[in-house]
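Engineer: Spelled out from the first residue to the last, the chains are:
Protein chains: 2
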Amino acid sequence: MVQKTNTPTSADVARLAGVSRATVSYVLNNTHAVRISEPTRRRVHEAARELGYVPHAAARSLRAGHSRTVLMPAPAIPAGPLHSAFLSEVQGALGRLDYTVVQYGSVGLEGDEAARAWAELRPVAVLVPGAGCGPRGVAILKRSGARAVVTLGPERVEGAHALLMDHDAVGRCAATHLYERGRRRIGVVVPAEGALDTCSRPRLAGARQALHGTGATVSEVPLAYTERSAVRLAARWPGLDAVFAYNDEYAMLLMRALQDEGLRIPEDVAVIGADDLMLGRLLRPRLSTVRIELPSGRYLAALVDRLVRETGGEPEVHRVLGVSVVHRDST
Amino acid sequence: MVQKTNTPTSADVARLAGVSRATVSYVLNNTHAVRISEPTRRRVHEAARELGYVPHAAARSLRAGHSRTVLMPAPAIPAGPLHSAFLSEVQGALGRLDYTVVQYGSVGLEGDEAARAWAELRPVAVLVPGAGCGPRGVAILKRSGARAVVTLGPERVEGAHALLMDHDAVGRCAATHLYERGRRRIGVVVPAEGALDTCSRPRLAGARQALHGTGATVSEVPLAYTERSAVRLAARWPGLDAVFAYNDEYAMLLMRALQDEGLRIPEDVAVIGADDLMLGRLLRPRLSTVRIELPSGRYLAALVDRLVRETGGEPEVHRVLGVSVVHRDST
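From first to last, the protein sequence lines stand for chains A and B.
Per full-length UniProt numbering, the first sequence starts with residue 1, numbered consecutively.
Per full-length UniProt numbering, the second sequence starts with residue 1, numbered consecutively.
Some hints could be false.
Which copy is meant is left open, because identical chains are indistinguishable; a pair holds if it fits in one copy or across any two.
To be verified - Distance condition first, Cα-Cα at most 20 Å in a straight line; then the derived EDC-like pairs of lysine to aspartate or glutamate: (1) Lys142 with Glu50; (2) Lys142 with Asp305; (3) Lys142 with Asp12; (4) Lys142 with Glu267; (5) Lys142 with Asp268; (6) Lys142 with Glu38; (7) Lys142 with Asp329; (8) Lys142 with Asp197; (9) Lys142 with Asp275; (10) Lys142 with Glu193; (11) Lys142 with Asp112; (12) Lys142 with Glu227.
Read the hints as simulated data drawn from the structure, not as lab findings.
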């Protein structure tokens, strides 16, 4: 069934360049263990270019026993601009360390099924966002040759390294700010969109924790990302004098509904979001927000590279979320 | 250097299930050409599960001469929510047709370099967004075994099938609406962010085309996605009585700056965006917008599947963008 009659092979490249197939392989796979002169390298590259030959990643990874592939399962929920920019940065930085970054969709796959599908690609490292992988999934990936499995999310997973995105800190930061602004009946929006639970639950817990024992109350405020849900919430506003609205987009939605209901921001209700999006600066009153800083792509790429090379160590935990309040006019 | 001592192999599975390695391969690769009884299939699956064996995608694709991998190079610019949802849908639909969808970052790669990197993964089909690939890139991909190269964007690329995202139609739609609302001095925002040129240039051209010969003027309005740029533009507003602001986010930015400058929307300047984001309904006045509809993931997946199977035909062109005006209060 192999029918790639037009496809140039490494044998064709070797013939044109006047070298052995092994030499072609060393040059095109960037193997520096073998000394090959610059002119020979150049000849091989020129022949490959002329023929339009590209090495076969699959064959290469079979030969090597492992790949240079780093797998980043694509998030199932549409990622925000912050997260997208972070992922691009990580990809670029891993690319510069000579890894191939492949994003893999997990749509329609659940639990261990996803890990098994990822394992089929025999990645040398896997970055798993959110709650994408349990302890059994981690074990499957390691058994199939992954040298480093790194989770990025609010919780640790047994057997994996963790970049802990400590969303508690976001909630603590927002609640403390509202308390310092004199507010005592504080709501925390928990989106009805369940996919956000892994972030929103720890944010609520962090707010509760920050104000524990102060006499201020912290209430859970359910809100779906629809105008209808916001209008209904505003119409029966439970007398809270401040709200941490999960993020800037939910804050915009809620602030509009509260204003339409005749409530004054911040006099009647102080509102704070998170993410520091441009839209927050365009709202009136200008939206206060929690700025969230992710680690640099370079930092994460260097960490992954080290974990791949130092395989066998204990799982490491790194806390990576920086938070700070940007105080504007809505609080 | 192969050192995966713990990794279970298909031979281990065969031993535990009491069948040949060929049978294991047929069952786990879903080959239906060979008749294998249900109990045997079940035994193989159970043995594989017990041992934690996962087939090796690379080995499988080498055996088959091609893979079931569809490559979707991840967009270099952060994708909007509309685009993200579309990509997820396509992934899901291709997965249900038994393809493996892999997103590949093109960060730091340019022109043919990107195509060469993609070709290394020996995809059976490649979906290329935007201007990610030229005619030479298409040829490289086809030579390395891709049976279908499909571009998604505003322009055709020689040798590739095209899902034409006809952004002219977005501009035509917006300009016609503004004209029908009685406006005659119409601006079209062209974002200073160059990555958006492939969409914004055709939108401007479409607006010009729609109003050609009507006596209305269409002017290019450069705007960067920063408050500073918007404030500066509004301060020296060139007397236009309407503006198509590229999309809803630029529209929000510009509308805020015009309002702060004392211009009334829509009395002095009518503003229309595009994308029909929720935020447009939250603005005051409520933002008019061009709703853009992408094809369903199922449609695109079925098309890719057909192109893979009917290899050898002429490049096909499908126009896939649906547009309609959502008229609210800003125009």
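Engineer: If a hint holds in the structure, say so; if it does not, say that too.
Structural biologist: Tested hints:
1. Proximity of lysine 142 to glutamate 50 under the C-alpha cut-off of 20 Å is restricted to the inter-copy arrangement: shortest distance 16 Å between copies versus 40 Å within a copy.
2. Within a single copy, lysine 142 and aspartate 305 get their C-alpha atoms as close as 16 Å, which meets the 20 Å cut-off; across copies the closest is 33 Å, which misses it.
3. Taking the shortest alpha-carbon separations for lysine 142 and aspartate 12, only the inter-copy value of 17 Å comes in at or below 20 Å, while the best intra-copy value is 37 Å.
4. Taking identical chains as interchangeable, the C-alpha atoms of lysine 142 and glutamate 267 are never at most 20 Å apart, the minima being 55 Å within one chain and 64 Å between chains.
5. For a Cα distance limit of 20 Å, the shortest separation of lysine 142 from aspartate 268 qualifies neither inside one copy, at 54 Å, nor across copies, at 64 Å.
6. When the C-alpha separation of lysine 142 and glutamate 38 is checked against a cutoff of 20 Å, the pair qualifies neither within a copy, at 38 Å, nor between copies, at 30 Å.
7. Taking CA atoms no more than 20 Å apart as the test, lysine 142 paired with aspartate 329 passes in neither setting, with 50 Å inside one copy and 57 Å between copies.
8. For the identical chains of this complex, lysine 142 and aspartate 197 are neighbours neither inside a copy (28 Å) nor across copies (43 Å), given an alpha-carbon limit of 20 Å.
9. Neither within a single protomer nor between protomers do lysine 142 and aspartate 275 lie at most 20 Å apart by alpha-carbon distance, with minima of 34 Å and 43 Å respectively.
10. Taking identical chains as interchangeable, the C-alpha atoms of lysine 142 and glutamate 193 are never at most 20 Å apart, the minima being 32 Å within one chain and 42 Å between chains.
11. In this assembly of identical chains, the alpha carbons of lysine 142 and aspartate 112 lie at most 20 Å apart only when taken from the same copy (13 Å versus 34 Å across copies).
12. Proximity of lysine 142 to glutamate 227 under the C-alpha cut-off of 20 Å is found in neither arrangement, the shortest distances being 45 Å within a copy and 48 Å between copies.
Hint compliance for this structure: hints 4, 5, 6, 7, 8, 9, 10, 12 are broken, all remaining hints hold.
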